[in-house]
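My request is simple: use the sequences and hints to build the entire structure.
Respectively, the protein sequence lines represent chains A and B. Each residue of the first sequence is one higher than the one before, counting from 1 in the working numbering. Each residue of the second sequence is one higher than the one before, counting from 1 in the working numbering.
Certain hints may be false.
[Claimed, not checked] Distance ranges between label pairs, derived from CB positions:
# : chain 1 : residue 1 : chain 2 : residue 2 : range
1 : B       : A139      : A       : I98       : 37 to 43 Å
2 : B       : L10       : A       : V69       : 28 to 34 Å
3 : B       : F100      : A       : V69       : 18 to 24 Å
[To be verified] Examples of chain B residues toward chain A, derived with CB under 10 Å:
#  : residue
4  : F57
5  : G91
6  : L101
7  : G115
8  : F128
9  : L157
10 : G158
Note that these hints are calculated values from the structure, not bench results. Since the structure is predicted, the reported quantities are computational estimates derived from the model, not experimental observations. Don't be surprised by glycine CBs; every beta carbon is placed ideally from N, CA and C.
Chain by chain, the residues:
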Amino acid sequence: MIVPLGHVFLLAGITFAMGLVCLVAHRNLVMTLIGVEVMMNAAAIAFVAASLRWQLMEGQAFVLFILAVSAAEISLGLMLVISLYRRTGSVDPDRYDILKW
Amino acid sequence: MSLYAAVFYLLGIVILTATGLAVTRRQPVHAVLYLIVAFLGTGALFFLLGAPLLAAFLVIVYAGAIMVLVLFVIMMLQRSPRELGLLSEWGPATLLGIVFLAVAVAMVFKDPGSGILLKGAVARPRDFGRFLFDRYWLAIEILSVLLLVALVAIIQLGKRRDCEESEKFPSPHPSPPGGEGEGEG
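Okay, here's the thing in structure tokens:
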């Protein structure tokens, strides 16, 4: 394995930036959640690379925690999207104007 | 360039291409399908970086469970036609991403430790599990409580009480036909 550490971090950084763009640019709440998933995936790549660099297993333990938190987050987020959809009939955040007088 | 390095760069290209295609799709179903490819590539990358148990977990949890959950939710929702023809947010979002990426790249390559070659090592699943339950058993228990709390919250949110709420808060946008009754069986 002769890959420099910076290249793995670069891969994680590019993936994270793509998730950020997806989070900001889309106007569909499901795509927003997908962007969050991509960002968590990038963080997991960086953690595994750091774990290999310092030969410590703590990084992999953190990736396991990221997996569990991400599962909880995506399921709760999707349930919120469904709840909002039932209430307003749309998944477009621009149309949530119930509070507007 | 050794075989491992070649495999790493190949996997990197696959992950970046699949993720880039996923975040630019307008149909969420296509995005999810591309994202499954990206997650499978990430699982292979974890295997290459010496985490076989995490690779298995990633394929099972991310590519298997979460993406299927997202697909089911997409099937429950009806698309609004406004999402299709709008490009105005892409400019600022891409600018933000590029600025973030430039800062991150500068920080990574300014660090002298970034050129260190990674040595191959494998955390065997048995060792990893023993390490985890030796030192981080409390965090594992807290995680299980977190998942339980999320489950309770989801059940509470998913309960149907729209008959009385539709009288209290009349929705300004009439809900599309079939959107209310079909999702939960």
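Hint by hint, here is what the structure shows:
1. A139(B) - I98(A): 37 to 43 Å: holds, 39 Å
2. L10(B) - V69(A): 28 to 34 Å: Roughly 30 Å apart at Cβ, these two residues keep to the hinted range, so it holds.
3. F100(B) - V69(A): 18 to 24 Å: holds, 22 Å
4. F57: holds, 6 Å
5. G91: Where the cut-off is 10 Å and the nearest Cβ of chain A is about 9 Å from G91(B), the hint holds.
6. L101: Result: holds, 4 Å to nearest chain A Cβ.
7. G115: Holds: closest Cβ of chain A sits about 5 Å from G115(B), inside 10 Å.
8. F128: Holds: closest Cβ of chain A sits about 6 Å from F128(B), inside 10 Å.
9. L157: Holds - the Cβ of L157(B) comes within 10 Å of chain A, reaching about 5 Å at its closest.
10. G158: holds, 6 Å
Checked against the numbered hints above, the structure breaks none of them.
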